[in-house]
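J.: The chain contents come next:
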Amino acid sequence: MSDDATRQTNFANMSAVLTGFTTDVVNPLFDPLQLVPTYLATADAKGGAALVDTLIQQFLSLTAGGASKQQIADTMLDTGNPTPGNQALLARAIVKTWYLGSWYSSPTDNSPTVVSQNAYIGGLAWKAMQAHPMGFSDFTFGYWVTPPPSLADFGVDLPPGGQNA
Amino acid sequence: MVGKTPNLLTAPTQPFDTGPLVDQNKAYARFEIHADRAMFDYILANKLYSRAGQKGFTGTVSFPCGGGPNVGAIMVKAAWKVLGRGDDPSRFHKIDALIYTAPSKNPPIKESCVRQTVGLVGFHIGHRLNISSQWVWSTFEQVDNAPDDTDVKSGKLNAKYNFFNPSCKDCPSNQPPPRPWVPNVPDKTPTQVVRVSILPAQALDSAKQQNQTAQALLAGVSPKSVWQYYRLISTQWPTQTNSDCTANPANPNGTPFPQFLGNVTLETYVQGTTPQSSSSCINCHGNATMTTGVPSDFTYLLENAK
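Note that the protein sequences, when read in sequence, are chains S and B. Sequential numbering of the first sequence, starting at 7, is according to the numbering used here. Sequential numbering of the second sequence, starting at 39, is according to the numbering used here.
Treat the hints as calculated values from the structure; they're not laboratory data. Beta carbons: idealized from backbone N, C-alpha and C, even for Gly.
Simulated coverage check for chain S against chain B, where a stretch passes if three residues somewhere in it have a Cβ under 8 Å from a Cβ of chain B:
#, region
1, 34 to 42
2, 141 to 147
So these bits of chain B aren't anywhere near chain S, every CB distance computed over 10 Å:
#, residue
3, His-72
4, Gly-193
5, Tyr-199
6, Ser-211
7, Thr-251
8, Leu-270
Partial chain S-side listing against chain B, Cβ under 8 Å, derived:
#, residue
9, Gln-123
10, Ile-127
11, Pro-155
12, Asp-159
13, Phe-160
All chains should be modelled from the sequences, with the hints used to inform the complete structure.
T.: As structure tokens, this is what we get:
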């Protein structure tokens, strides 16, 4: 695997842990939407490739140290800290991009950039809501009369107890 | 063709009334859909051929999936053009067909039925498989249909196309003719069809390889084979699906690849890359229902039930 491919895989694995979705959803074996390379390029361009590399190294280090996914996410996102440093801010921006398909340059950014149409329809927020993007639906006619599929079907990386744990 | 009865071609417009396709001889192309035995038997057994039968159907429409010895459900949609002035019949799969035009008051259309020789210009093959409950969709075209948009830009054009006039510089591309659409009267406006570049390199390269292999095999069978003048445009398949003829309910279309796919003779006016509106076999057919509004397993055939 080339250095670029390894970097992309590490970014995808990090994204899965930070977002709470399975790697199959974040980085499917064959991805027509190409979100991983798109988001990595966006993070490099907006946050700086050096800081992205530092973030990936932090992820690899925490993983190698045996930290749980929750611990890794809490550490990298600096959860609970109202004034996190640039590294944690970058991690938060990457999570927001995965969920909303838009890049927020800062926590107070009120006019984020929509990364692409595929970023919009591929936003994890829709899956977390067990819904579909406004203006785009893969569900069959009449889907609204039945309960939505489970969070597991949508690819949420659930704890061992499942959806209600 | 069955026995001595010619094929009957009726449909003169493309899906969702997006428009007719008018060839360079100003004749309307005609469209038809066929189902294989497995699909036919399923429709028959479940009485889905009539509105009353569909109303009484309480299950989920699920056509047989192919796998192992079972072929599974296959449907074919085809586009035909009348072979006329300037067309080389040796380059077409051709049949004698009865071309029927239904009468209408608005616009005023006189009923007609004429026997003509038509050539195949495009077709889809949809096949439902255990590993692809969303079906696998391959689309093919006669090679003389239309130039790519890149050919138009660079000026590398052939002398003649079925649905493009190289000498017309001002003809707007991929626009349906103005109404009224009267299929049995020559239209004033031949369609200026251009293939829009929407396929990723991976899909283009794969189709190119498949075409080279198939065309060499066909030439080996007969150098006169008309099939050497047909080519695969691409095949759309679900990238995320199960192997037991089911789909993830949270991803019923299985994230198709390529994301968009169209045939210039069957989806002339919806070529593009806009989700939910540009041509995508699986995403479009995923919306298909019976006359009752119940999903019909990716076929629009059942909405024709009377």
